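First to last, the sequence lines map onto chains A and B. As numbered in my numbering, the first sequence has no gaps in its residue numbers, which increase by one up to the final residue, 359. As numbered in my numbering, the second sequence has no gaps in its residue numbers, which increase by one up to the final residue, 567.
Derived from the structure by calculation, the hints contain no laboratory data. The structure displayed is predicted, hence computed values, not measured ones. Positions of the beta carbon are idealized from the N, C-alpha and C atoms, including for glycine. Careful: at least some of the hints might be erroneous.
Pulled from the structure, derived: some chain A residues nowhere near chain B, Cβ distances all over 10 Å [unchecked claim]:
1) 3
2) 71
3) 171
4) 251
5) 286
6) 322
7) 342
8) 354
Okay, the calculated beta carbon distance ranges per label pair [what the hints assert, rightly or not]:
9) B:272 - A:133: 16 to 26 Å
10) A:13 - B:269: 41 to 51 Å
11) B:566 - A:167: 30 to 40 Å
12) B:13 - A:112: 55 to 65 Å
13) A:64 - B:269: 57 to 67 Å
14) B:83 - A:132: 27 to 37 Å
15) A:132 - B:42: 53 to 63 Å
16) B:175 - A:286: 36 to 46 Å
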Amino acid sequence: MARLSLDNVTKSFANFDAVNDVSIDVGDGEFLAVLGPSGCGKTTLLRLVAGFEKVTSGEIRIGSEVVSGRGGSVAPEKRRVGIVFQNYALWPHMTVAENIGYSLKVAKLNKAVARQKVEDALALVNLQGLGDRRPANLSGGQRQRVALARCLVAAPSLVLFDEPLANLDVHLRASMEDEFASFHKRTGTTIVYITHDQAEAMALADRIAVMDGGRLAQLATPRELYHEPANEMVASFISQGILLPADVLSAEQAGQCKVRVLGAELVVRCRPGERPRTGAKICCRSADLDVSPDGPGFDGLVKRVIYQGGSARIEFTPSTSPDLTLHFEQPDPVVLESGAQARLRIRSGWLIPAAGAVA
Amino acid sequence: MSTRIRESRGQEMALTTAVAIVIVLLSLLPMLRLIKEIVAPGGTLSTVAIKAGLASPATWVATWHTLVVGIGGTLLAVLSGTLVAVLITLTDIRGRSALVLCYVMPLMIAPQVTALAWLQLFGPASPFLKLFGAAPPLGTKNPLYSTSGIILLLGVQYGPLVFLLVRAGLRKLPRELVEASRAGGAGWFTVLVTIVLPLMTPSIMAAAALAFVSCVGNFGIPAFLGIPANYLVLPTLIYQRLAGGGPAVLGETAFLSVLIGVIAMAGILAQEVMSRRRDYRISSTSLAAEPYELGRWRPAVHAGMWLLIVVVLVLPLFGLVLTSLVPGYGIALTAKTVTLDNYRFVLFEHDAASRAFFNSFWLSIAAAFFAVLVAVPIGYLIAWGKQRWVRLLNLSVELPYALPGVVLAIASLLLFLRPIPLTGIQLYNTVWIILYAYLARFLVLALRPTISGYHQIDRALEEAAQVAGAGLFTRMRTIIFPLLAPAAIAGGLLIFMTALSELTVSALLWSSGSETIGVVMFSFEQGGDSNYAAAMSVITVAVTFVLMLVTNLLAPYLPSGVLPWRD
Ligand SMILES: Nc1ncnc2c1ncn2[C@@H]1O[C@H](COP(=O)(O)OP(=O)(O)OP(=O)(O)O)[C@@H](O)[C@H]1O
Ligand SMILES: [Mg+2]
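Construct the entire structure; sequences and hints are all you get.
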């Protein structure tokens, strides 16, 4: 087990910052997911940790040792990290067992011990008896398991996953997710897990680092990310949050404040110390929206109704600001139709902190 | 059979037929003719030719010599070519493109030019050694007139060939395979030995087979280095017999050429057998691995590489240029003796020489063009063909195409000694017999890279197009040719440069009026006119070099990897 810390890590390719001033502390035995849209620098971040790329500035420590920093960089083979690649990267000229036993052979481990460890690793990923096959003769899921076993066999203190499930089908994904989770529970290894799938990150991780354009947008628990996004990017990226312009009317009291949204007043959750201001944004979830024909709220037009089995997703445009689109779900029986007028109420929401405010 | 089925079969049938015709005309026909000459000389079955051949001690000596220089040259080429490929491709060495350009140059230079250049460098008449007064006294034996001299030059000549194939393979190595190994705790040397080299064995073995065939079939180097020392290999033995006896000894030389063919084939078959067990298709496309940091070794590696370049390229060419500038054998180069007379003579005064320049140019262009067009469909059937008999065809295709030039030359002679039946067209003693031999001879240079290209393409790419409704010809044009164009065109360019100053085939097939550059160069050297030969060599090297520069201008419009000397 090892702590991993990144301090103000920046990686530039030519003039382009693929990773920009990222600081993350991963605790011993923690499962950290790194989530973000394509091209935001997730893979680069992982390769920095593994040592395949050199930091442009900043520092990376594994345990108490500085592995990348101004003083140079520890070679990847000296870092004792395990890595599972998105495309598996199994060596085609070796059998499954040889693939798995590679790091043991490199470490010149006793042959019998190594064989036993390989057997154990195969058993761990439910591939007993496939040791003599070539990677080319395995299914995608089996290859992924071999890749996992290969990385686990050396019992690394830190394991890095780069979108390990991206190439698998949905069912296999679910079962591999379970396997990762139980592996983490059993071994307590520190894990950095890259994904662009939010559900996967939420299901597996203790904490999630959301990245955007090379920067760290927010680092928080799944619950906090969902309920208290730190900025607009996270708010809209996680579970398609709805962003609405708001004016803060009252100072924070007991974690709440009063705001005006689309002409209606309501009380939303907020960070301590919020003061009245204009041009703020709130984030609300589709579950926070209600149809309220007579109560307080605002009027608008139903743009689309998409039936999803058991409920429908309704897209709605307020008449006061026609360029906004809100969406919410209505359970069966669905009564709204596209083109209909409706009146909506926002029950609650989260006031997004002003840009530059510290978490 | 429904129309739809017939439609789908039609294009494949057309392709197969066309390929079959080409193969029959260019390989089966000459090979069969050659075999007939051996087993049934004069039309009746007899073992006379074989017995006569086997009984001659010269045969055995030359065979032994061929094996020695063939294996020696291949080993040297594989070791040096692979080492240079690994250093240039996988490390953070500086000046990579310049190194590639310089290291690949010897491949673009004809073997007899290489031989001439090295001879001029070390011989007693060497204007280079004379510059420092270090030349041995006239009459001293040139140290290159020896077995090790031949092996050394074969290694120098074909090291770049190995380099190109191995480098192409290395560049396709996905970085994850290397990184997974490093994350597993392997240092760079371990990665090299356990991951990189094993994955490269198909490339290395293919390169070794090619180098071996080139070495045993090479005529220029043993002709320039071996004949003076009376060290004969099979190609030079054939040349001497034929030069002395004319068409009358064709039967005897036919046996010798088949012997070369058998040796070359053994090399190819060994590679086939070994690589069948190791078909590591790398299908994922990925970035290349981060270069290994040489660190404090970098200056030493740089110095070593450039020293190598100086020794294999700069010095020999320098020696060649010096020789071309002195008026006669053994004269030292001074401000007073320097002259351009040799150039004037070969360009304007010597009829055969100027004819040779013209002939060689159009012959090479024709051969290159033809080979590029034909290599893609043939490669398709060989690499991806589904029918059983096509696979059988594989061997018969590999077999004659991969044979050394001498074999084809003799076969062409036998085939066209008399006018072509029915038409009465006479190819013997014309330039057309050389063109025919070039077409057959050089196809392999475009075919091999194309086939390995096929092996590296994931078949799914073609199948996807098939599913999208593309017929065979459409797939060839839109999917396969673009994917293979780098390999095929690179092959074509290699063919042009090789054919331009080719000697092996034309030495046996030329006649007055159809001289090639190589032939005229060779006869100058044999007549003791090294200065004229050097002048011609310098001209061809210069032409080749200019051609390389001109092609470089096109580089932005070509897919990367087309030009072997470009990084
Ligand atoms: N070696 C490199 N040279 C130049 N730019 C690079 C290099 N590697 C990555 N980049 C750039 O850095 C950015 C981040 O790349 P990265 O691979 O880290 O993205 P990612 O978040 O993993 O994306 P994806 O989800 O698509 O895998 C991209 O814009 C990419 O083009
Ligand atoms: Mg990525």
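A quick look at each hint next to the structure:
{"no.": "1", "hint": "3", "in the structure": "holds, 19 Å"}
{"no.": "2", "hint": "71", "in the structure": "holds, 15 Å"}
{"no.": "3", "hint": "171", "in the structure": "holds, 23 Å"}
{"no.": "4", "hint": "251", "in the structure": "holds, 52 Å"}
{"no.": "5", "hint": "286", "in the structure": "holds, 39 Å"}
{"no.": "6", "hint": "322", "in the structure": "holds, 42 Å"}
{"no.": "7", "hint": "342", "in the structure": "holds, 45 Å"}
{"no.": "8", "hint": "354", "in the structure": "holds, 40 Å"}
{"no.": "9", "hint": "B:272 - A:133: 16 to 26 Å", "in the structure": "holds, 25 Å"}
{"no.": "10", "hint": "A:13 - B:269: 41 to 51 Å", "in the structure": "holds, 48 Å"}
{"no.": "11", "hint": "B:566 - A:167: 30 to 40 Å", "in the structure": "holds, 35 Å"}
{"no.": "12", "hint": "B:13 - A:112: 55 to 65 Å", "in the structure": "holds, 59 Å"}
{"no.": "13", "hint": "A:64 - B:269: 57 to 67 Å", "in the structure": "holds, 59 Å"}
{"no.": "14", "hint": "B:83 - A:132: 27 to 37 Å", "in the structure": "holds, 34 Å"}
{"no.": "15", "hint": "A:132 - B:42: 53 to 63 Å", "in the structure": "holds, 59 Å"}
{"no.": "16", "hint": "B:175 - A:286: 36 to 46 Å", "in the structure": "holds, 42 Å"}
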